[in-house]
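Student: For reference, the chains in residue letters:
There are 2 protein chains.
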Amino acid sequence: MATRMKILRTIADLYAWRSAQKEAHRPIALVPTMGALHEGHLSLIRRAKQEADAILVSIFVNPIQFGPKEDLDKYPRDFEGDCKKAESAGASAVFAPTPEEMYPEGFQTHVSVGPLSECLCGKSRPTHFGGVCTVVLKLFLASGCDIALFGQKDYQQYQVITRMVKDLHVPVKLISCPIVREADGLALSSRNTYLTADARKAALSLPRALDAVADAWSKGERNLKVLLQPVGDAIAKAGGRLDYAEIRTAEGLKEFGEKADCDAVLAAAAVFDGVRLIDNRLLRF
Amino acid sequence: MATRMKILRTIADLYAWRSAQKEAHRPIALVPTMGALHEGHLSLIRRAKQEADAILVSIFVNPIQFGPKEDLDKYPRDFEGDCKKAESAGASAVFAPTPEEMYPEGFQTHVSVGPLSECLCGKSRPTHFGGVCTVVLKLFLASGCDIALFGQKDYQQYQVITRMVKDLHVPVKLISCPIVREADGLALSSRNTYLTADARKAALSLPRALDAVADAWSKGERNLKVLLQPVGDAIAKAGGRLDYAEIRTAEGLKEFGEKADCDAVLAAAAVFDGVRLIDNRLLRF
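Top to bottom, those sequences are chains F and E. Everything in the first sequence is counted per the numbering used here, starting at 1 for the first residue and increasing by one. Everything in the second sequence is counted per the numbering used here, starting at 1 for the first residue and increasing by one.
Only chain F is shown next, with the shape it has when bound in the complex:
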């Protein structure tokens, strides 16, 4: 019979759990989440089980990665539902600290990654990736995880964390897992629950516009202007507003000149009825 999933609330709880895993020589895989778990998260947990024995899911809506006008307060929370989903997907433990546990009085350390954090989503969310790096490094070091899994949907986040891990010699192996989508193509996101029925329809223009670009790419088009030009119009026509759509190098998110000349990522963010969504496609050269 499988042991029941543990609920860890404090760093001390986490250390105790971690010690037990280390003593039993059970490699630890971490799946960091902000809760409101959907199939995307669950796919990470299932994949984690192929990679390690002890699967830790962190559930923490990290205040320092939200900007002052963003959706921290209304971010969806469903702790009991999340625990059931995490356990059924195979989690060994959930770490769900309070903000005070993660950022107690006197806390004042900040980790940031430079240019990689300033482009794409970083332009409209200038403090976002610093908050992500800080909490992720805390989770890595506090959990003592050997492996950590992230979804490809947050492509820039994965690039930023990969850079941080490399630059600081953090002893954690990173794994990126494919985007999970609704049947009609919309990428799963906890923020999809914000969408009205109309906005949900409009939001479909985002993956469809990216599909169109990927299609043109697959037919050999490499000119960035030609590839990207239709995206904004398609989203506007559906009633959304494009924040950005860019094609950059898949590794390192470097800008191309006029034409792409290696593996690339097409990344975009758009707003539908006040809800900001992101999506991306890998474009193999």
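Bear in mind the hints are in silico, worked out from the structure with no lab data behind them. Among the clues, some could well be false.
As a list, the in silico DSSO-like pairs of lysine-lysine whose alpha-carbon atoms are at most 27 Å apart [claimed, not checked]:
hint, chain 1, residue 1, chain 2, residue 2
1, E, K22, F, K173
2, F, K166, E, K6
3, E, K173, F, K173
Go by the hints and put chain E onto chain F.
Tutor: Just chain E now, with coordinates in the frame of chain F:
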């Protein structure tokens, strides 16, 4: 017969050495230095030998902790002499990377600690402690050290690193070791080699002024103004220029009101003929 001290030049060398120690279950103690080793550094190495089996001394003049007008280029370097001293004090290995090895192309991660880095030395060296935190965290994580030793002379640095380690859950135990002084009281510093004979004489006014404050404190004086007022004059009279002299809480470097009311640190920096020196005294309440 003791094994000869290893010289590690690359992160890959360091990982290999680290793995060998871990396999042999030898705890690792790290003594991070910028070279130009003196008795202060050697006292850390000797103390490290009481705490761990494998003693790693890093020698790296870290460019990112120097300001644009500071002494990076002329900082004293004597690698062969340093290795002899480190070995005779008991080091198992020296890690001496190039700047390119520590900060290769694309490196862009930065670790900083807030208010603790902005006071005292942080006022005249605004980027210093961020550079220190970044390199120290790299050294901690790359070496996999269990313990790290620092001199009390860099008191603020120790407080900043203590904060970083706590905030990020870095699994390293920190040890602070007493200041080592010349017979006449001047704190040992690699920068003392910059002093002309006249400046060397003048520099003595720094520890002597701090002695006078500590003496008044030991007699019961707790009023900060009264305690600190003579310091600037004494140093000016000797021909130096006081950068700052402050009394703050020993833990956390918090400011007092008019009077000190718990264990404190008296920290000061002064410039003698262009050479900036620091010193401090713990004041037990």
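Student: Decide, hint by hint, whether the structure agrees.
Tutor: Here is how each hint holds up against the structure:
Proximity of E/K22 to F/K173 is assessed by CA-CA distance (about 19 Å); at most 27 Å being required, the pair is judged to hold. At roughly 25 Å between alpha-carbon atoms, F/K166 and E/K6 fall within 27 Å of each other, so this suggested pair holds. For a cut-off of 27 Å, the pair hint linking E/K173 to F/K173 stands: about 24 Å separates their Cα positions.
Comparing the model with each numbered hint stated earlier shows that all of them hold.
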